[in-house]
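**Q** Using the hints, position chain B against chain A.
In the order they appear, the protein sequences are chains A and B.
Using our numbering, the letters of the first sequence correspond one by one to residues 20 to 460.
Using our numbering, the letters of the second sequence correspond one by one to residues 355 to 658.
It is possible that some hints are incorrect.
Derived EDC-like pairs (lysine to aspartate or glutamate); straight-line CA-CA distance at most 16 Å [as the list claims (entries may be wrong)]:
{"no.": "1", "chain 1": "B", "residue 1": "K390", "chain 2": "B", "residue 2": "D621"}
{"no.": "2", "chain 1": "A", "residue 1": "K378", "chain 2": "A", "residue 2": "E305"}
{"no.": "3", "chain 1": "B", "residue 1": "K575", "chain 2": "B", "residue 2": "D621"}
{"no.": "4", "chain 1": "B", "residue 1": "K559", "chain 2": "B", "residue 2": "D471"}
{"no.": "5", "chain 1": "B", "residue 1": "K438", "chain 2": "B", "residue 2": "E475"}
{"no.": "6", "chain 1": "B", "residue 1": "K390", "chain 2": "B", "residue 2": "D544"}
{"no.": "7", "chain 1": "B", "residue 1": "K390", "chain 2": "A", "residue 2": "E133"}
{"no.": "8", "chain 1": "A", "residue 1": "K217", "chain 2": "A", "residue 2": "D165"}
{"no.": "9", "chain 1": "B", "residue 1": "K559", "chain 2": "B", "residue 2": "E469"}
{"no.": "10", "chain 1": "A", "residue 1": "K402", "chain 2": "B", "residue 2": "D371"}
{"no.": "11", "chain 1": "A", "residue 1": "K402", "chain 2": "B", "residue 2": "E374"}
{"no.": "12", "chain 1": "A", "residue 1": "K378", "chain 2": "B", "residue 2": "D411"}
{"no.": "13", "chain 1": "A", "residue 1": "K142", "chain 2": "B", "residue 2": "D411"}
No wet-lab data here; the hints were simulated from the structure.
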Amino acid sequence: MSTFMGIQTSLRGLLAHQQSIDTTSHNVANANTEGYSRQEAVLDASMPLRIAAGEFSAGGAAHIGTGVTVDAFRRIRDTFLDLQYRAQAMQVGDQSTRSRQLDQVELALAEPTENGLAAQLSKFWSGWADVSNSPDDIAARQALIDQAKNLAAAFKTVDSQLSVVASQAAAEYASLTGGGGDVPAIATEIAQLNAAIKQFVQNGDMPNDLMDRRDQLLDRLSHLAQVSVTDLGGGTLQVNFGDAAAPLVNDTTVTWPQALTDPKGKLGALLDIYEPGGTIASYRTELNAAVKSLADSVNVLHNPGGTGTNFFTYTAGAEAGSLAVNVTSATVRTSVTAAVGANDIALAIAGLRGGTPDKLYNSFVTRVGGDVRNAIRGEANSKVLLDSIDDRRQSTSGVSMDEEMTNLVRFQRGYQASARAMSTMDQMLDTLINRTGVVGL
Amino acid sequence: MSTRITNQMVSRSILNDLNEVSSRLSQTQRRMSSGKQITRASDDPYGTSRALTLRGDVAGVQQYQRNIGEAVAWQSVTDAALSKMTDTVHRARELTIQGASDSAGPAARKAAAAEIDQLIESIKQEANASYGGRYVFAGTATGTRPYAVAGVDTYSGNTGAVAREIGPGVSVQVNVLGSDVIGSGQAANDGKLLDVLRDISDHLKSGTVADANLIRSVDLKGLETALDTLNQARATVGATTNRLESADSRLLEVEESTTRLLSEVEDADMAKTLVDFSMQQSVYQSALRAGANIVQQSLLDFLR
Numbered sequence: 020m021s022t023f024m025g026i027q028t029s030l031r032g033l034l035a036h037q038q039s040i041d042t043t044s045h046n047v048a049n050a051n052t053e054g055y056s057r058q059e060a061v062l063d064a065s066m067p068l069r070i071a072a073g074e075f076s077a078g079g080a081a082h083i084g085t086g087v088t089v090d091a092f093r094r095i096r097d098t099f100l101d102l103q104y105r106a107q108a109m110q111v112g113d114q115s116t117r118s119r120q121l122d123q124v125e126l127a128l129a130e131p132t133e134n135g136l137a138a139q140l141s142k143f144w145s146g147w148a149d150v151s152n153s154p155d156d157i158a159a160r161q162a163l164i165d166q167a168k169n170l171a172a173a174f175k176t177v178d179s180q181l182s183v184v185a186s187q188a189a190a191e192y193a194s195l196t197g198g199g200g201d202v203p204a205i206a207t208e209i210a211q212l213n214a215a216i217k218q219f220v221q222n223g224d225m226p227n228d229l230m231d232r233r234d235q236l237l238d239r240l241s242h243l244a245q246v247s248v249t250d251l252g253g254g255t256l257q258v259n260f261g262d263a264a265a266p267l268v269n270d271t272t273v274t275w276p277q278a279l280t281d282p283k284g285k286l287g288a289l290l291d292i293y294e295p296g297g298t299i300a301s302y303r304t305e306l307n308a309a310v311k312s313l314a315d316s317v318n319v320l321h322n323p324g325g326t327g328t329n330f331f332t333y334t335a336g337a338e339a340g341s342l343a344v345n346v347t348s349a350t351v352r353t354s355v356t357a358a359v360g361a362n363d364i365a366l367a368i369a370g371l372r373g374g375t376p377d378k379l380y381n382s383f384v385t386r387v388g389g390d391v392r393n394a395i396r397g398e399a400n401s402k403v404l405l406d407s408i409d410d411r412r413q414s415t416s417g418v419s420m421d422e423e424m425t426n427l428v429r430f431q432r433g434y435q436a437s438a439r440a441m442s443t444m445d446q447m448l449d450t451l452i453n454r455t456g457v458v459g460l
Numbered sequence: 355m356s357t358r359i360t361n362q363m364v365s366r367s368i369l370n371d372l373n374e375v376s377s378r379l380s381q382t383q384r385r386m387s388s389g390k391q392i393t394r395a396s397d398d399p400y401g402t403s404r405a406l407t408l409r410g411d412v413a414g415v416q417q418y419q420r421n422i423g424e425a426v427a428w429q430s431v432t433d434a435a436l437s438k439m440t441d442t443v444h445r446a447r448e449l450t451i452q453g454a455s456d457s458a459g460p461a462a463r464k465a466a467a468a469e470i471d472q473l474i475e476s477i478k479q480e481a482n483a484s485y486g487g488r489y490v491f492a493g494t495a496t497g498t499r500p501y502a503v504a505g506v507d508t509y510s511g512n513t514g515a516v517a518r519e520i521g522p523g524v525s526v527q528v529n530v531l532g533s534d535v536i537g538s539g540q541a542a543n544d545g546k547l548l549d550v551l552r553d554i555s556d557h558l559k560s561g562t563v564a565d566a567n568l569i570r571s572v573d574l575k576g577l578e579t580a581l582d583t584l585n586q587a588r589a590t591v592g593a594t595t596n597r598l599e600s601a602d603s604r605l606l607e608v609e610e611s612t613t614r615l616l617s618e619v620e621d622a623d624m625a626k627t628l629v630d631f632s633m634q635q636s637v638y639q640s641a642l643r644a645g646a647n648i649v650q651q652s653l654l655d656f657l658r
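The following block holds chain A by itself, in its conformation from the complex (with noise of 0.2 Å):
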């Protein structure tokens, strides 16, 4: 046991408390990082040296202390909230595009206002009521030709509508999922970051930001589609995307692209919507029941038989996009016979109004007011969910001001009452050298 063994273990208390005092200001630059958990040094008494026993203890040996060691740098996290959060992330990443879309769908609608298909509808049926008042009256003729047209004109912008929120998401999709788009790049970073952290892993190091950098490269893709990690061991991840075939990232390999069919999340609401025979394919299905039956039920009224002209024509499947006025004022008929002041057609047409046509578009608006109220609900509540979690992560793992606070004092304190130790064991030393055997000197 070396004499100045004193010094060496108030040397390492000096170490150790200033390498905690780093963490701690490591902790506190990194309050605010997106993704940061706060790390701690890790201390443990250092090695006790073995020294000979006193006489009493039968020849045994004592420990004595050195001192303390850091022993690692801990990253403090619950992997399991991270699957709980990614789980989450994935509803919130689904529920808030799917609102986000409809919004969209909801907003072309413009319902119930004085400028909405049911007001035009309304109209229209109006027009009908005054032709069979006045059905020798070229203008009365003239302005239902005219709103029949603004009606048709409005199916037609409802329609298109819906065409450009599913080419946008279909867009989106695309942008998102291809080359330089999140999910390769999310992907090959991932990548990276298994090869770095494995190989710092091999020399026994601990990557605490590496690792956090990837979790948060997780918790992104996970707001995509659906994501279950696997951990390979050595600091190295499998990760599997939706329900994509081979894993996206296998340790240091990215397999990309693949085709999802059902991958849930922000990708999956997106497929979801755009698809065929997704949401806004059968919203335009709605629409166009609707449009078909105003068609039909008009036309057959107007062109009993079927021999004369049709008031409205369409082509099958595609009937908002593609209704239009067959007749002008002077074609328009209002009866079956050829008398000018006989209305029989027009007031049997008028007598539709609140018919099926109405029906249907109304039902299709309620059908799509449904479906926008439940996303809004579940974006709510899956924020809501998310977020809970995400408190109880960061309870875990957040940097905690007054807590550094309290530990920059107490490492403070450590430190100086290291120093004091070590300057207590000079002024022993001091005595020893300078002022011991100076007899005669």
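**A** For chain B alone, coordinates are given in the frame of chain A:
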């Protein structure tokens, strides 16, 4: 859940709360400025569907009211024409009785006949009454003058019914046919007003005793029948007008109640909205104040 609270948690939760309160505020503000409870379909999908239906109903009722206004105007034109015809027939009857009396000389009979000819023209003139450019006695041939004044007595309209829709699935015939009321003249020999008056005029002109007898025995009776027909037509017109007016007042009630329902469904309750607004505003202010205080404070303020 542990009680460890970090700075990011605090600031995020303050931000979330502020966002939520301000989004509620903006929704309330939207309600106040629009006066509507439902500004978008997703505010209340079922309410939206009700509002659309009710709004369609209101538009329909307003259209029926317009139709009724149109029908009533048609009726009053018809009634005015029929009333003048009735007056004319009364005058014709007086002339006929005078002319048919044995004391009247041939000159007086000729004069009476001449006046009756004029009366026939004026009846045809009345039967050509029009509303909005449409001949009301011409059936559905509303563009065709039903009688040629100073011409033949033949009816040139048709027998079509002119109907107006006054309610969902309820149509009312508004027209009276000239052929039913005054007939098609001597050529048709239909015993209607024009036929009878032409007969009387002929009989007065020829002026024989047999003719005078015919006037007394046949023509006056025919004139009575024609007058009855006219009166019947006026009664029908009156009844139709009554029906239209009662339908109109019923529609007014329906419009009022539908509008009220619509307002209940889609209009904002202003008092409640205002109370909500001021409550949310004070919540927002206290959230801001609390947030500002919490964010400022930390141990740093107390460590020296």
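**Q** If a hint holds in the structure, say so; if it does not, say that too.
**A** To see whether the hints hold, each was checked on the structure:
1. B:K390 x B:D621: holds (4 Å)
2. A:K378 x A:E305: The hint holds at about 12 Å.
3. B:K575 x B:D621: Given pair K575 of chain B, D621 of chain B is violated - Cα atoms ~67 Å apart, limit 16 Å.
4. B:K559 x B:D471: holds (11 Å)
5. B:K438 x B:E475: It holds: about 13 Å lies between the C-alpha atoms, which stays within 16 Å.
6. B:K390 x B:D544: Violated, at about 65 Å.
7. B:K390 x A:E133: Distance ~13 Å between K390 of chain B and E133 of chain A Cα, so the pair holds.
8. A:K217 x A:D165: Violated, because 72 Å separates the two Cα atoms, which is more than 16 Å.
9. B:K559 x B:E469: holds (11 Å)
10. A:K402 x B:D371: This hinted pair holds, its Cα atoms lying about 13 Å apart.
11. A:K402 x B:E374: With Cα atoms ~12 Å apart, K402 of chain A and E374 of chain B stay inside 16 Å; holds.
12. A:K378 x B:D411: Given pair K378 of chain A, D411 of chain B holds - Cα atoms ~12 Å apart, limit 16 Å.
13. A:K142 x B:D411: This hinted pair holds, its Cα atoms lying about 12 Å apart.
Of the hints listed earlier, those the structure fails to meet are numbers 3, 6 and 8, in rising order.
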